[in-house]
Amino acid sequence: MALLEIQNLNRRFGGLQAVNSVSFTMEQGMIKAVIGPNGAGKTTLFNLIAGNLPANSGNIFFNETKINGRKPYQIARLGLSRTYQNIKLFHGMTALENVMLGRHIRSKAGFVAGMLNLPWTWPEERMIRDKSMEYLDLLGVAGCADIEVSNLSFGQQRGIEFARALATEPTLLLLDEPAAGLNIYETAEIGRLISKIRESGITILLVEHDMSLVMDISDEIVVLSFGEKIAEDLPHNIQQNEEVIRVYLGDEG
Amino acid sequence: MDLFKRYFPVFSLLAVVVGIQVVTHFTETTYYLTQLTMSAYYSVVVIGLCVLMGYGGQISLGHAGFFAIGGYLAGALTTHNLITLKGHRLVSLLDNVGLLVDSKGLYGGDLLTVEPWAACIIAVLTAGLIAFAIGGPILKLKGHYLAMATLGFGIIIYRIALASAYFGEADGISEVPGFKLLPGIEVSGSFVSRVLNYYIAWGMVIVAVILLLNLIHSRVGRALRSIHGAEEAANAMGVNTARYKLYIFVLSAVFAALAGVFVTHYNGGIGPSEAGVMKSVRYVAIVAVGGMANIWGALIMGIVLNFLSLRGVFGSYDDAVFGVILIIIMLFAPQGILNINPGQKVKSLLSFFVSKSGEETTE
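Chains as they are written, first to last, in the working numbering: chain A, 1 to 253; chain L, 1001 to 1363.
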């Protein structure tokens, strides 16, 4: 069975059908991209999968578990992690602490144990810290570990958000426009990183506007337009798809 | 090494506490200890609220309500005479398990009241349960809406205290007996145990500070701070944000109630002003002055401002002073006065006036 299976998913905002009967599946280990013009419903789709928005109808199965209707924190515990289009870091905390939050679901010290600073929580704290440093290191931002995140550059913040998402050890990673606001060198760097993440066994679903990046790294592409899926194919077929070209360039194109 | 860094200020605090007691002893100014004792109790409320507001990011304008629940219940249970109910099954059951005490009243009558330990536990548990019950629904609210909901709660408690005969209406409760923590250690306002009570109060502050410092540096504390930083992302990291917000709300309510119990025994009574909205505003103002996410700032400001207030320095403008403090802090030092960088403040003030005159010239 597929890792992620989306069946006839619908979401309306008032009179606007933001996601209209979208279905697709994702196999373990692949990189799938969702593209489409602005307002096509890509971010809405992400929010539906991650549990931030309830669907009007349709089903989402993750690892054979039905996840629509579940809370985001419950879905996260099943092994789904995400990044945001406009980075959402925990302000007032250092880069390291941000990534340590990623280890939240992989650790268990509770309220009372924390208040009493019980010795058995110490090795776990050390583990959280060491693991988090590894992820910062992997993203090349270990140097910022002790800096409060609002003082970091955009690129560094993106790296920290990535590290935080990876620190949860997800099976499925949702990346919402990972290359937004990056220059071509940084975009190429992100592309290499995404491929590297996939090699470590993590399945990736991404929304992205940068076509060169999408064509480079994805195994399959889903195209949305006005909430509907108009194509799903291999990258080079998508490039030839007339419907897709029409949506992107207009009728006269 | 980290632990040393965390606890070092606690040792310094302990040294200061002892130092002050020794100095007042030799300068024969031990009367200051009374206000310092009460300030210490109020500071327990403040640091609990500090963790809720500064770290959890949730405001409460109803913490005087929790303080009052603790104080009033402890006061009422330990003063109301149950002798006429002695035949009742429940009362005799409580009596048999030792939760009631027999004593002689002021005018020689027999008194049967709840043992202070039992009353304390009942009072604190009740405050915790109420916080748990109302916290579930109201913590779904954010910002102004949460402030208004907690304000409403505070007003309800205030009106109940003021209206119910059981809680003494406008007079409040008086003649509350002392609270024997251990044989020979009693929380009471008696003249001879002033020094002892000073240390009891500060012992409670130090324990509270250590617990809260541990909490904010723990896994759960990180999760709390992440809710403040970006709630949606915290949720996406698997943090059950609703549950953590509720936990910290209940914890801060329990701290407030515990302080209420001790203050009531220490003062020998409690009145409706303790439940008032202005008290809640005062606690919020002190947390803001201390720098929101700063337990030490909240503690220091809690002691200093409560001490001045209790000494009557602000006179009848007491509440007005706290209002003004809140406005000034929000305008000029939203990070708290311990974080002021004087040079930068002068610069920003100058730029404020410069830009103002600049606007005039362009018009």
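Heads up, a few of these hints could be off.
[Unchecked claim] Here chain L is said to cover these stretches of chain A; the calculated rule only asks that three of the stretch's residues, wherever they fall, bring their Cβ under 8 angstroms from a Cβ of chain L:
#, region
1, 62 to 76
2, 81 to 88
3, 109 to 115
Hints are computed from structural coordinates only; laboratory data are not their basis.
Backbone N, C-alpha and C define an ideal beta-carbon position, used for all residues, glycine too.
Outcome of the hint check:
1. 62 to 76: holds (count 4)
2. 81 to 88: Per the Cβ count (4), the hint holds.
3. 109 to 115: Answer holds; 6 residues pass the 8 angstroms Cβ test.
When the structure is compared with the earlier hints, no violation turns up for any of them.
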